[in-house]
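Undergrad: Residue strings, one per chain:
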Amino acid sequence: MSTPSAAGCASCQISPIYHSKKLKNGNEKWDYTISLAGNPNTGKSSVFNRLTGLKQHTGNWSGKTVAKNEGGFSFANKKFKLVDLPGTYSLLSTSHDEEIARDFLLFGQPDVTVVVVDATRLERNLNLVLQVMEVTSKVVVCVNLIDEAVKKGIHIDTHKLSSILNVPVVKTAARSGRGMYELMEAIASMAESPERPINPLIDYGLDKMVVSFIEKVKKSLLKQHNPGWLALRIIEGDLTTINYLKNLTNNGTLEELLRDGEKIKNILGDAHHDKIAESLFTRAGDIAGKVVSKKNSVRLKNMDHMLDSLFLHKFWAFPIMLLLFAIMFWITVSGANAPSTWLYNLLIESFHPTLKAAAITIMPVWLAGLLIDGMYLTTAWVVSVMLPPMAIFFPMFTVLEDLGYLPRVAFNLDHIFKKAGAHGKQAMTMMMGFGCNAAGITATRIIDSPREKLIAIITNNFSLCNGRWPTQILIASLFIGGLVGAYWSGIISAIAVVGVAVLGIILTFIISGALSKTVLKGKPSTFNLELPSYRPPNFLQILYTSFIDRTLFVLWRALVFALPAGAAIWIISNINVDGLSIAAYMHNFFNPFGMLLGLNGIIIIAYIVAIPANEIVIPTILMLTVLLHGMPEAGQGAGVLFEMESTEDLMKIFSAGGWTLLTAVNLMLFSLIHNPCSTTIYTIYKETGSVKWTIFSALMPLVLGILVTFTVAQVWRMF
Amino acid sequence: MNYEETFPLTTLKSGQRAVIRSISSECKGLERRRLLDLGFVPGSEIELAITGPFSDPKAYKVKGTVIALRKEQSDFILLAS
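Protein sequences appear in the order of chains V and W. For the first sequence, counting from 1, position 308 maps to 308 in the numbering used here; every step adds exactly one. For the second sequence, counting from 1, position 73 maps to 73 in the numbering used here; every step adds exactly one.
One or more of the hints may lead you astray.
Cβ pair distances, simulated, as ranges [unchecked claim]:
id, chain 1, residue 1, chain 2, residue 2, range
1, W, SER14, V, ALA76, 53 to 59 angstroms
2, W, SER55, V, THR711, 35 to 41 angstroms
3, W, GLY43, V, SER193, 48 to 54 angstroms
4, V, SER189, W, THR11, 31 to 37 angstroms
What the hints contain is simulated information worked out from the structure, not anything from laboratory work. Just so you know, even glycine gets a beta-carbon here, dropped at the ideal spot from N, CA and C.
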């Protein structure tokens with residue numbers, strides 16, 4: 001789940017590519033534009049990263065790149081701009097991502113198009129090569145994952161392939177950097193070579209009527225496009241192509257062609273188009289038969305199958321899934337203990353008083369309060385409470401992602417999504433939501449049906465995101481883990497956090513089902529999902545991406561919002577009107593409502609302050625509680641955040657605020673079920689283009705959260 | 001093509017192999033092309049790889065790739081017996 005704004009952050013210093021320089025995507029003038037096309041799961045993102053040096057996250061599942069990414073490199077004194085197109089199986093199906101890819105090939109007029117194919121699945125990948133070669137002639141074929149093919153006993157005769165296709169074919173293993181220099185060479189020489197005619201490779205066995213129509217198109221339309229391809233699109237009535245032609249050509253001729261095309265379409269019907277598609281696949285199979293040879297090796301095939309028999313098992317699939325996530329949280333909760341204590345001792349126990357003392361000597365007391373007690377303390381809390389769990393949790397999550405486990409989760413859950421009238425790929429966007437809801441919502445573009453896309457968008461907020469994990473982990477460790485002895489507390493807290501996450505998944509199903517039975521009625525559409533081969537995770541890459549893309553990104557966002565929030569909290573707590581601070585007035589105003597929900601006034605204020613970012617809920621609660629109820633005396637050796645015998649400091653703050661187990665449980669529930677953060681709301685608006693659905697997506701979970709916490713509080717108080 | 005001799009992919013048993021004969025003519029347009037894109041092309045060898053926790057969707061191995069399909073789609077894919 002590479003967060004959209006975090007992609008493209010750094011350029012890599014260590015790279016095996018010699019004689020070439022990576023260029024940051026800035027205002028440089030480019031000599032050539034290169035587009036990168038390919039099926040999902042072919043390692044296309046790795047090729048892109050190797051060429052540009054961008055450390056974009058490459059997850060092992062399809063639909064990961066949903067929009068175009070751009071980067072650049074220079075080679076032989078020329079500057080190349082590289083555009084990474086969404087991974088697509090074809091250019092014929094006109095789903096959203098295929099449209100982006102096709103439109104760029106047509107209208108972007110790249111100088112060279114590199115088609116990345118998976119050496120272990122050449123036949124299926126050749127479909128796309130053939131389709132791309134119908135649109136543009138300057139193509140370089142990159143046969144990637146050649147190392148995996150060798151392991152599987154697959155041999156590809158690239159010379160033969162190159163002579164059949166009449167374009168350069170380069171073998172690469174982008175993960176290790178093999179063949180990248182040769183790829184750059186091929187790209188550069190193709191870019192500098194003169195225009196070449198499009199060489200149709202497919203015999204469609206076309207009707208006479210169509211053949212003469214193609215001749216007509218050939219005479220009257222632009223020379224740089226393949227007339228056969230254009231003619232077939234006109235017959236299909238393809239609107240993008242027709243609009244493109246309308247902008248370019250004399251209207252009289254074009255109108256005549258369009259009329260002819262429509263006539264032919266009516267005569268031939270749907271079967272014609274399907275026949276064209278099938279001849280394409282036949283041709284791909286034919287070429288693959290000539291260039292691929294295979295020695296039978298069963299060992300590796302069985303490895304994938306063995307893992308799948310376990311992860312997708314009839315009885316064990318779900319227990320294993322829960323166990324994996326529980327183990328992840330348990331490691332997070334218990335591993336974050338020591339570093340959090342250390343950071344807390346350093347930043348809050350030692351630095352804070354020292355800084356305060358120093359500040360008072362050089363500035364007015366109020367300013368020292370604002371800067372040190374407000375801004376610094378909030379920020380210090382964010383760092384010590386959030387950084388360690390994130391730095392442990394995200395790498396583990398990334399390992400599962402890179403291994404290829406996420407599509408398996410989607411596979412296991414699909415049946416329930418189908419029952420809920422939703423799309424199976426919603427499971428993938430839901431998983432992404434566990435990282436960042438805004439990223440999850442952007443990823444719903446992989447769902448073709450607008451109805452199901454909307455359901456996925458509205459319910460994505462029930463995936464517990466990065467910003468909310470730390471709240472859950474902290475509150476669970478303190479209050480739920482605290483119910484049992486120190487020995488069990490880690491496991492019990494992990495189970496509690498998993499419980500909340502699972503509740504979020506259950507809510508996703510319930511709300512999706514409710515929506516598809518009421519306001520978003522409709523039949524579930526189709527579902528197809530590739531289960532890619534398991535790939536051994538690349539640990540260095542994981543450490544890098546999970547740290548830069550996720551941990552630092554989330555931390556940075558938290559800090560950006562924590563600084564002004566810290567200042568605001570300090571101001572409202574220190575400006576007095578009639579002997580009471582503004583915060584106290586607000587607290588008095590919200591407290592009855594908060595108590596009704598089993599929460600309190602401070603939590604309600606914190607959730608209002610935290611609309612820009614969920615990350616600052618806990619720091620805001622701590623700050624406000626300290627400022628309104630006073631800082632309790634710190635105990636001996638205090639400051640341990642996650643272990644029961646020594647959580648005195650935080651627990652003292654919470655008990656000063658009058659917290660009970662009910663407050664903790666309801667905070668965990670409300671953290672799961674409330675309005676999305678402002679970034680997510682904005683993303684919902686961008687994706688739906690509808691004010692109505694944006695408001696609905698924002699308010700529905702808030703109302704639901706209020707109802708749930710209210711009910712829990714009333715029932716709790718009965719006993 | 002003799003349609004009486006075909007049976008739908010949905011009925012394929014675990015570990016059993018077959019050859020795709022055709023895609024039902026009821027499956028049209030985008031949905032049909034998507035199946036072809038994924039490698040469910042007449043003449044391809046196919047086997048049931050994984051049944052999954054609910055028996056729907058099931059994952060099939062075709063053209064070197066494992067692809068999961070819901071029952072509605074696997075009904076459209078007709079195999080030669």
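Undergrad: Starting from the range 35 to 41 angstroms, see whether the pair SER55 of chain W and THR711 of chain V falls in it by beta-carbon distance.
TA: holds (36 angstroms)
Undergrad: Verify the CB-CB distance for GLY43 of chain W and SER193 of chain V against the hinted window 48 to 54 angstroms.
TA: violated (36 angstroms)
Undergrad: Take the C-beta atom of SER14 of chain W and the C-beta atom of ALA76 of chain V, compute their distance, and say whether it sits inside 53 to 59 angstroms.
TA: This hint holds: roughly 54 angstroms between Cβ atoms.
Undergrad: CB of SER189 of chain V to CB of THR11 of chain W, is that within 31 to 37 angstroms?
TA: violated (52 angstroms)
Hint compliance for this structure: hints 3 and 4 are broken, all remaining hints hold.
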